[in-house]
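Enquirer: Chains A and B supply the protein sequences, listed in that same order.
Heads up, the first sequence is in full-length UniProt numbering, so the first residue is 1 and it goes up one at a time.
Heads up, the second sequence is in full-length UniProt numbering, so the first residue is 1 and it goes up one at a time.
Hints may be right or wrong, so weigh each one.
Derived CB-CB ranges, DEER-like [to be verified]:
| # | chain 1 | residue 1 | chain 2 | residue 2 | range |
| --- | --- | --- | --- | --- | --- |
| 1 | B | Thr148 | A | Asn276 | 34 to 42 Å |
| 2 | A | Arg249 | B | Thr168 | 36 to 44 Å |
| 3 | B | Ser131 | A | Ala269 | 18 to 26 Å |
| 4 | A | Ala26 | B | Ala351 | 42 to 50 Å |
| 5 | A | Glu201 | B | Ser131 | 50 to 58 Å |
| 6 | A | Ala366 | B | Thr328 | 16 to 24 Å |
Chain B stretches covered by chain A per the calculated footprint, using a threshold of three residues with CB under 8 Å from any CB of chain A [as the list claims (entries may be wrong)]:
| # | region |
| --- | --- |
| 7 | 267 to 277 |
| 8 | 332 to 342 |
| 9 | 411 to 423 |
Derived by calculation from the structure, the hints in this document are not laboratory data.
All C-beta atoms, glycine included, are put in the ideal place defined by N, C-alpha and C.
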Amino acid sequence: MAPSQAAHVPTLDNLIKSFNNQTLEASIESLIFLLKRRQVKGDECAKATAHILRQVVAKSKWNDVDQLLSRVQSAGSRLARAAPIEPVIGNVVRRVLGLIRDEATEDRNADDLASEAASDIQSLTPSTNPNAHPPQRPAHVPVRPSPSVISTGLQVSKSMFNLLSVANPGDSPITGASTPMSQAQPASVHALRSEVMDGIEEILDEINQADDQIAGFSDIQIHPGDYVLAYQPSRTVERFLIKAASKRRFTVIIASHAFSDGASEPPYAMLRKKLNAAGVNTINLASNGLMAYIPRVNKVIFSAKAVYQNGGLLVDSGSCIAAQAAHEYLKPVIVLCPVYKFCPEDPSDEVSRGELGNPSSYVSYANGPAVDALEVENTVTDYIPPELIDVYLTNLGPQTRHHLASILADHYKTEDIGFSLQLGEP
Amino acid sequence: MPAENTGAPINGAPIDTAAPAAQDAAKNVPAPASSSATPTTSEKLTAAQLKAKAKAEKAARRAQVKEARIAVPAPSPVQEKGAAGDAKGGKGKGRQDGQQSLGKGGHLQVHRGSVAGRQPSSPVPEKDVRSGIPDCFSHVPMAKRIPTSQAHKDVHPAVLAVGQQMATFALNDSISRLRATLLAFAKVIESYETPKGNSLSRHFVPHVLNPQIEYLTESRPMCFAMGNAIRLLKGKVNKFDIDTAEDEAKEGLLEWIDFLINERITLAEYAIARNAAESINEGDTILTYGHHRLVEKTFIEAKRDGKSFDVTVIDDPFERSGQELAKTLRQAGIPVLYSPNLGGLRPKVAAASNVFLGGEAIFANGSLHASSGTADVAMSAMNAGVKVIVLCETINFDRDRVSVDSLTYNEVDPERNTGDCFRLLFDNTHDKYITGVITEFESGGGNSPAQAILALLRKQEDPLID
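I would like the entire structure built from these sequences, with the hints used as guidance.
Expert: Encoded structure:
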C-alpha cells in the first residue's frame, strides 16, 4: 500500500515544474493539497513556497506594491494555514514580503534623491504635481505614508513613518487615490517584478545552499575520536556528517524513532554506506531511551524543523529526549538550523504539545481488540525549550540563543512579523 | 604462506604440553575431594595449567576452525572431559573465595573464562555472534542459546529447560527467572545423592550446584535476584554440619527454597502492590513505562479499591510490551492513554501526578537497573517536578555492586547485536531521578530512598541466612 501511495506523490521537482504549466490558482491548490496531506514537508515546504510566491509575483495581476504585497500575503497565508505545523512557510512568505518592501524602498530612495533635487529647484510640493516625477515613481507612492506624500522634503526620515503606516492597510486606498500616473506604471511594475523575482531566486539559492554551508562548519564541531549521536539524521545532518567524515575519524551513533524490524534494509543505509566508505564507524541504535548511551557520546546533533524567537525548537519527536539526556550529562547539543527556519514568533501551545501522527504503524487495524481498547497517541513533533540547546549551527555560522534576535532582525521586517497573526482571518 | 609456516610449530608445541596437563587433570577428577584436601597440588596445577590450558584452547580452536566441524565428534568428548576436569580441579579454590566477595559481575568473567576452557567448541560460534557488536560495547555480555547437546553433562534436565527459556527470553523479568531457577534447583536437590565418603555440605555446591549455575550464566547473564538467591542458598548449604544426615539436609534446603519463594516473591509482590496502590489518589494520572508486573498489579489493586484514576502507558517501540499492559488495564476499566514511543514525553509527564516504574534491580548506590528507556522517563519526570516511584522486591537489591552508568552492568539484546541494529536491554537510572522506592518492607508513601532500604536489608538478611 505504501509504495502505491508514494507513486501518486509527485517529487518536489515535478511539482515545481508543474507550476509553470498550470494557472496560478491550480498551482496553489495543488500545493495546499499536498501540504494538508503532509506529503510536502520540512525543507521542501520552504522551496515549494518560494516557487509558488515566484509564480504569484510573475502571474498575478498587480499594479502597485500594495497590491503585490496583499497578493503575496493572501497566497502565503493560504499555504501557511494548510500546514500550521510548518512555520517555515510563514518564514519564506515573510522573507518575500520583506524583499518586496526593500525593493520598493530602494526605488523610492532613488526617486527621493531625484525628487529632493527637484524640490529644491521647484520649492513647491512636488507630489501635487505628479507629472514632474520620473516615470517609476508612482508605483511606489502608495507604499508611502500620507504625510510624506504631502511633504517630500521630510522623506529622509520616512522609514520610521513607513513602519507604522504600511502595516495599516487603511492607508492604501488614500495613497492609491493619490496615485496619479497610471500610464507610467507598466514599466515600473515590470522592473519591480523582475527585481522581486531575482530576489526570490536568491532566497531559493540560500535555501538550496544552506545545507552545504552548514556542512562547512562540520570539522570545527566534530573532533577526531568523537562519538556523535545523530538523532533521526535529516538531509542537513547527513550532509554535515558526510562532510565531517572526509576530514575526521569518528563514530556516529544513529538513533531513530522506530524502524520496522521487517524492513528489507536497515534504516539510513545510504548514509551509513557513505560514512563507512569514508572510514567512519556507524551504529544504528534500536532504542528509544538514550540515557544509556549518552555517557559514551561526546555530542548530540540533530536538525530543527523551526527555531522560535525564544530559541525553542520544533523538532521530530524523540529529539527532545536526546537533548534532555545530553543536557543531564552536560554533553553539548548542536542543532543544525538554516537561517530560513528561524521564526519571529513564539511557540504556540499546540507546538509544545506536539503534533499527533498516524498511530497505525504502532497499533495496526488488524489488531482489533487493541484498536478497540486503546487511546493511542503517536506524537510526531516535539518542542525543545531553549535551555537545552548549546549551539545553533546556522548557515551563517554557529550562534547562541542570546544572539538569535539579531538574526531575526536582519532577516525580517518588523511589519511582517505579525504575518502569522493574519492567519486567523480567512 | 609464511604465516602458516610459523603457525604450524606453535600449534604443534602446545598440544604436546597440553596433553599431559589434561591427563593430570583427568587423574585428579576421580578423587575430587583431594582438590580441597591438598591445596598445594591444586595450586601447582593451576599455575602450570593456566598457560598450557590457554595454549590448548587456542590450538583446539584453530584446529576446529580448520576442520569446520567435520571431525568434531571424535576429538571433542575426550578434550571436553579432560578440560572439564581441569577446570573443576583448578577452580575448586579460586571459585569459592571469588564467590563471596565478587558476586555476579565477578563471576561473569570467571565463568566466561572457564567456559572457554571447558568447551573448546563453544568459543567459535560465540566469536561469530559477538563479532558484530560495536567496539565500544564489546564488554557487555549477551545471552546465548547453547544447544542442549553442548551443555555440561552434569547439568540437570530441569535446569537445562530453564536455561533454554532464559536464553530465548521466554523467562524475561528478574523475578520469573528467579522463581524458575529456584524451582529447578529444588529438583536438583531432590535428585541429589551424596557420593560415598562425602558430605552434602562439602560436595553439593562445588560439584553439583556450580555446573548448573555456570550453565545458567552462560545461557544468559544472571540477574541480580538470582545472584542474591544463590548466595543465600550457598550460605545455607555451608551452614550444615558435616555430619548432618543427607535427608535432613535436603529436606531443610527444600523447605528453605519454598520459604524464599513464598516470602521474597509471592508475598513481596502482594505487599508491594498493596503499598503502591495506597499511594494512588482519587483522580490521579499515573504514568508508567513499558510493562512491569508489579506496576500492573498495583493498578489492578487500586482499581479494586474503587479508586478512579487514569493511566498513561509509554511504550518502547522496539519491545511494545506496554501494549499488553494497556489492554489489561483497559479491560479492568481503567482509562488508558497509550503512547507507543517516547515522543511528546515532556508534556505527557508534566500532565501526570505520579510516575510508577518497575525495576530489575537496585544497586548499592541506589541506582535503578531497569528496562532500557526507564532512565529517560525518570529523568523527564524529575525535571518536570513529578514524583518518580520505583517498585522493586528486596531480593532484587544488590548490596555489593555499584553502578554509575548503563555500561557497567548491562546486556546486549541478542536479536539486535550488530552495528546495523544495536540495543542494550537495560539502563541505569541515577538515584537523583528517583523520589522513592516501594518494597515489601515499606508501608505506603514510597518516599524512602533506596539507600535506606539497603541498610534495612542488611539487618534483615542475617537472620534469613540462619
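Enquirer: Name the hints, by number, that the structure is in violation of.
Expert: Hint 7 contradicted; others consistent.
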